[in-house]
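Protein sequence lines correspond, in order, to chains A and B. According to my numbering, the first sequence is numbered sequentially starting from -10. According to my numbering, the second sequence is numbered sequentially starting from -10.
Incorrect hints may appear among the rest.
Below, computed lysine to aspartate or glutamate pairings styled on EDC-like, alpha-carbon distance capped at 20 Å [what the hints assert, rightly or not]:
(1) Lys161(A) x Asp162(B)
(2) Lys156(A) x Glu198(A)
(3) Lys74(B) x Glu(-3)(B)
(4) Lys74(B) x Asp124(B)
(5) Lys74(B) x Glu51(A)
(6) Lys154(B) x Asp162(A)
(7) Lys156(B) x Glu100(A)
(8) Lys74(A) x Asp65(B)
(9) Lys154(B) x Glu180(B)
Worth flagging that the hints you see were computed from the coordinates, not collected in a lab.
There are 2 protein chains.
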Amino acid sequence: MTRHFQKELIKIKKMILSLGAVVEERVQMAKTAIDDRDAELAGRIIQQDFEIDEMEIEVEEECLKILALHQPVAVDLRFLIAVIKINNDLERIGDQAVNIAERVVFITKQEPVDFVFEYTTMAEKAQVMLKMSLDALVNMDVDLALKVCLLDDDVDDIKVIAYNKIKDAMAKDPDNLGYYINLLLISRHLERLADHATNIAEEVIYMIEGEIVRHGITGSD
Amino acid sequence: MTRHFQKELIKIKKMILSLGAVVEERVQMAKTAIDDRDAELAGRIIQQDFEIDEMEIEVEEECLKILALHQPVAVDLRFLIAVIKINNDLERIGDQAVNIAERVVFITKQEPVDFVFEYTTMAEKAQVMLKMSLDALVNMDVDLALKVCLLDDDVDDIKVIAYNKIKDAMAKDPDNLGYYINLLLISRHLERLADHATNIAEEVIYMIEGEIVRHGITGSD
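Next comes chain A alone, as it looks inside the complex (with noise of 0.2 Å):
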């Protein structure tokens, strides 16, 4: 390996994680966004979304020239086309966290409705899959991205939780179904989130064990 190819795989490394960074802050305020009833803080979400889509381009483009430039094997290139695959899977990730936001703005517009629901912990867990899938990433951690796959099933099992209390709440308070569909979706999103989350760490697997584990762990989503 060339010295200057070596300082472009440290490169791309830190531009993927800066944009890792850049999607975990709007995770961060999707959730926050959630919690305190934002429409402020979830308009700038969705403002400033164009700086993910233009990050994910740079990578892209940066991945294509090392590419070109070194053609890179073995490790190095399977190192890189992860890259480009989990680079499209933070822009969608972000791509949820405009989802949630605009949900946020719906409900900001009614009334509260008397609902406890633990999205919390379900944006939690999938921040923190996400955190941790990232690590893995740079740390070349199979057991940390196993762990995100695990965590996944966690995720499922309260959003079939949120399911049947939304379903439930809609039963006692009809008056507010499009308040409760809006929970149900939010729900959803933060669901497809932690799916992206594990779409990384799966990436993460399969580029160090070269084996499949894309389609064993998760289930079809």
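Given the coordinates of chain A, assemble chain B onto it according to the supplied hints.
Showing chain B alone in chain A's frame:
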């Protein structure tokens, strides 16, 4: 370009189109399963998903092999990276067919409700988008790919209509809340399916024009 490399490119095109054909068939099955409330057909979609997963892995491995062996640059490099990403979207469309199938299995266990919604229209549009995006890939047709991106707005419009219709139906028929929630979820899965077809079309445009449309024409998702 060597003859051997040219042959490999033709092979990878065939592979991605075979996967596309299988995925199209699953979307068709999902549409029929909704229309006919067919749990047996839905079950087959769920059972056969592993085939799509295996095909996805084969396509990616083949791309990596070509990248390592032939070290392509410029347009060929961009094509192979596009195939890797499109491959990923196709697998996720398969996942959406599975998600729809799971909702159909739930729904068929309940008494049918008196509710008419144009799922067929929504599913048909998503199906057309998928077909067009794959045709755009084979024929390198930017105009066709652009049409897919525009159609995505139609699907989003139907989604909003579905949301309102379902909310009204829930208010009038609160005994069947679970049923309606599952109808809502089907409309969301169809929306995501259309999103993935849009991603494919955007990849095609990006590949051909080297231009960034991914974050311009369609919304955040």
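To see whether the hints hold, each was checked on the structure:
Straight-line distance between C-alpha atoms of Lys161(A) and Asp162(B) comes to about 13 Å, which keeps the hinted pair within the 20 Å bound. Taken as a hint, the Lys156(A) and Glu198(A) pair is broken in the structure, with Cα atoms around 43 Å apart against an allowance of 20 Å. Taking the CA atoms of Lys74(B) and Glu(-3)(B), the gap is about 18 Å. The hint holds against a cut of 20 Å. For the given pair, Lys74(B) sits about 16 Å from Asp124(B) by alpha-carbon distance, which is consistent with the 20 Å threshold.
A C-alpha spacing of about 16 Å is found between Lys74(B) and Glu51(A), which places the hinted pair at or below 20 Å, so the restraint holds. For the hint linking Lys154(B) to Asp162(A), the alpha-carbon distance of about 18 Å falls within 20 Å, and the restraint holds. Using a Cα cut-off of 20 Å, the hinted pair Lys156(B) and Glu100(A) holds, with the two alpha carbons roughly 18 Å apart. Of the supplied pair hints, the one linking Lys74(A) and Asp65(B) holds, its CA atoms being roughly 18 Å apart against a limit of 20 Å.
For the hint linking Lys154(B) to Glu180(B), the alpha-carbon distance of about 16 Å falls within 20 Å, and the restraint holds.
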